[in-house]
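**Q** Chain residues, written in single-letter form:
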Amino acid sequence: MKRKQKKKENRWSGIQSLLTDPQPKRGQTPKKEVWKINKATLWYYPSPHKKYNTPLFLIYSLINESYILDLSPGISMIESYVKEGYDVYLLDFGKLGYEDGDVSLDDYISIIQKGVKRALIHADSKDISLVGYCLGGTLAVIYAAIAQEPVKNLILFAPPINFSETPIMKKWFASLKNKEINIEDLFDQHTVVPARMVELVLRLAISPVTFSSYLSLLHHANDREAVKKWRLFHRWVKSHVPFAGVTLKQLINEVVRDNKLINNKLVIKGEPVLLSNIEANALVISTEGDQLVPEILTLPLLEQLGSLDKTYKREKGGHVTLAMTGKIPKFLQTWLAARSELVEK
Amino acid sequence: MGKKKKRKEIKIDYYELAKLLGYKSERKVNKAIHHLLEDGKMINLLKCGAKIHGKWVKDLREYMNLLTVYLNIPTKDDVANVGKLAKQIEEKLDSLEERITPLPYVEKKKSCKKRLTKEEIRERLLKNLINSINQQNFKK
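First to last, the sequence lines map onto chains A and B.
Numbered as in the numbering used here, the first sequence ends at 346 without a single skipped number.
Numbered as in the numbering used here, the second sequence ends at 135 without a single skipped number.
Here chain A stands alone, though its shape is the one from the complex (with noise of 0.2 Å):
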């Protein structure tokens, strides 16, 4: 009986503690800025026990804040890489202004093509490997396409790229494709989409309504570090930023409703991105659970790719929850081990 009353208290004091309670501090592991360019920053975070010479560079979608990949000690995928024994750098693209406007995705490939020579020459290495979480993965994928610089591994989580079909809204999606709605005007208008107008249509087109989440809550509110994980990730949920207007003009009309970019007809700075380019060793993960990103625009990629090593994936979860399980999971983990170079010792 004391019990449980001691836990029903536990359960309230942790729901107090949302209010009391500072935030909690997010992205812990050690890290230092290597280079800068506008509101793009890549972070250097050193392995203390390094065990592979080829580095890991990280690109995080343009959607949310890249943090969700370093959210606290324990629940970071940056630490467990580190621990690993990777030298790890994530290119942070910033939230942009209103002079960002006409930022376009051939300047955020740019950025990245920049980003990895930099890496390159900080760690001092031969070659890299790339890792792209959703849209970034996207982005790697058209970057691994016309690359100048030696990428030797291509390691993709739920990657949007075929959207000849999708699950969801098919009617807006056949709208689109007939081009029947007119994006241009607005986006014209908000030269920089605001973060709330991108959280809203993200939650129109996945999930109009949340409150399981809270539910969710209740329900490991008697669990301090369940509270704390919860309001971690929840920040990060509404940490949406602002999307360049031109970039997203492109994303919708290019990649999208022409489907350019797995028909090998998408041009990056005037050159054809072209998949079968890509012979960069590939994994590409996708999860089950995923509403987002379902396999259907994931999958097609792999016959494209011109990689000899090819490997897919499907792991239980959703669209996150292997960029915060804070482990690498044991199949990424053999993998990437065969295919990084040794430190000679």
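Please note: incorrect hints may appear among the correct ones.
To be verified - In silico lysine-lysine, DSBU-like type, Cα no more than 35 Å apart, as pairs:
1) Lys96/A x Lys82/B
2) Lys19/B x Lys317/A
3) Lys96/A x Lys71/B
4) Lys266/A x Lys46/B
5) Lys87/B x Lys96/A
6) Lys33/A x Lys266/A
7) Lys153/A x Lys40/A
8) Lys115/A x Lys46/B
9) Lys239/A x Lys122/B
10) Lys239/A x Lys26/A
11) Lys266/A x Lys42/B
12) Lys103/B x Lys270/A
13) Lys6/B x Lys250/A
14) Lys328/A x Lys26/B
15) Lys270/A x Lys53/B
16) Lys26/B x Lys239/A
17) Lys250/A x Lys26/B
18) Lys40/A x Lys14/B
19) Lys171/A x Lys14/B
20) Lys239/A x Lys103/B
21) Lys103/B x Lys87/B
22) Lys122/B x Lys328/A
23) Lys14/B x Lys314/A
24) Lys50/B x Lys96/A
Since the hints were derived computationally from the structure, they do not count as laboratory data.
Using the hints, position chain B against chain A.
**A** Chain B only, in chain A's frame:
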């Protein structure tokens, strides 16, 4: 005789139940909203709305620009232009720095799809075969 019948205690975790019910009802509500959104009339309504919104924002911006002339204050575009100048300088400095830094790797030559020799094709086919076997093992 002296055995005490142990009754199985059925514990109901009301919080978990609430979570499950909440999750299910959330899915149903969202499905209903999506069904509503998928309606042709709704699509047309939102299309018109987006058009009007775009025009409204454009007009508002023009009037604001007109007003700033008389108020003798800079517009947001003016401030953005100064920001763009700073960006240009930063990019030029960056490309200069990039040019003078020696690279630790060999850059790939820009080329279109190269023609493969017979040996390369054979090697490629073999590797693809090994790959597919590996893939099957991975699935297992």
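**Q** Compare the structure with each hint and give your call.
**A** Results of checking the hints against the structure:
This hinted pair checks out: Lys96/A and Lys82/B have alpha carbons roughly 15 Å apart, not beyond 35 Å. With a C-alpha separation of about 20 Å, the suggested pair Lys19/B and Lys317/A falls inside the 35 Å cut-off, and the hint holds. Between Lys96/A and Lys71/B the alpha-carbon distance is near 17 Å, which keeps this suggested pair within the 35 Å criterion. Note on Lys266/A and Lys46/B: the hinted pairing holds, with a Cα-Cα distance of about 30 Å set against a maximum of 35 Å.
Of the supplied pair hints, the one linking Lys87/B and Lys96/A holds, its CA atoms being roughly 22 Å apart against a limit of 35 Å. This hinted pair does not check out: Lys33/A and Lys266/A have alpha carbons roughly 38 Å apart, beyond 35 Å. About 27 Å separates the Cα atoms of Lys153/A and Lys40/A, which keeps this hinted pair within 35 Å; it holds. Taking the CA atoms of Lys115/A and Lys46/B, the gap is near 38 Å; set against the 35 Å cutoff, the hint is violated.
Of the supplied pair hints, the one linking Lys239/A and Lys122/B is violated, its CA atoms being roughly 45 Å apart against a limit of 35 Å. This hinted pair checks out: Lys239/A and Lys26/A have alpha carbons roughly 16 Å apart, not beyond 35 Å. Between Lys266/A and Lys42/B, the direct Cα distance comes to roughly 28 Å. Compliance with the 35 Å bound is thereby established for this hinted pair. A hinted pair counts as satisfied when its Cα atoms are at most 35 Å apart, and Lys103/B with Lys270/A qualifies at roughly 17 Å.
Of the pairs offered as hints, the one joining Lys6/B and Lys250/A is violated, with about 54 Å between alpha carbons and a cut-off of 35 Å exceeded. Annotation: proposed proximity of Lys328/A to Lys26/B holds, straight-line Cα distance about 34 Å (limit 35 Å). For the proposed pair Lys270/A and Lys53/B, the alpha carbon gap of about 30 Å is at most 35 Å, so the pair holds. Between Lys26/B and Lys239/A the CA atoms are separated by roughly 22 Å; this keeps the pair inside 35 Å, and the hint holds.
Under the criterion of a C-alpha separation no larger than 35 Å, the hint pairing Lys250/A with Lys26/B is consistent with the structure, at around 28 Å. Proposed proximity of Lys40/A and Lys14/B is contradicted: the alpha carbons are some 40 Å apart, above 35 Å. Between Lys171/A and Lys14/B, the direct Cα distance comes to roughly 29 Å. Compliance with the 35 Å bound is thereby established for this hinted pair. Distance check on the hinted pair: Lys239/A and Lys103/B sit about 41 Å apart at the alpha-carbon level, beyond 35 Å; violated.
Taking the CA atoms of Lys103/B and Lys87/B, the gap is near 24 Å; set against the 35 Å cutoff, the hint holds. At most 35 Å may separate the alpha-carbon atoms for a hinted pair to count; Lys122/B and Lys328/A meet this at roughly 31 Å. A hinted pair counts as satisfied when its Cα atoms are at most 35 Å apart, and Lys14/B with Lys314/A qualifies at roughly 30 Å. Using a Cα cut-off of 35 Å, the hinted pair Lys50/B and Lys96/A holds, with the two alpha carbons roughly 27 Å apart.
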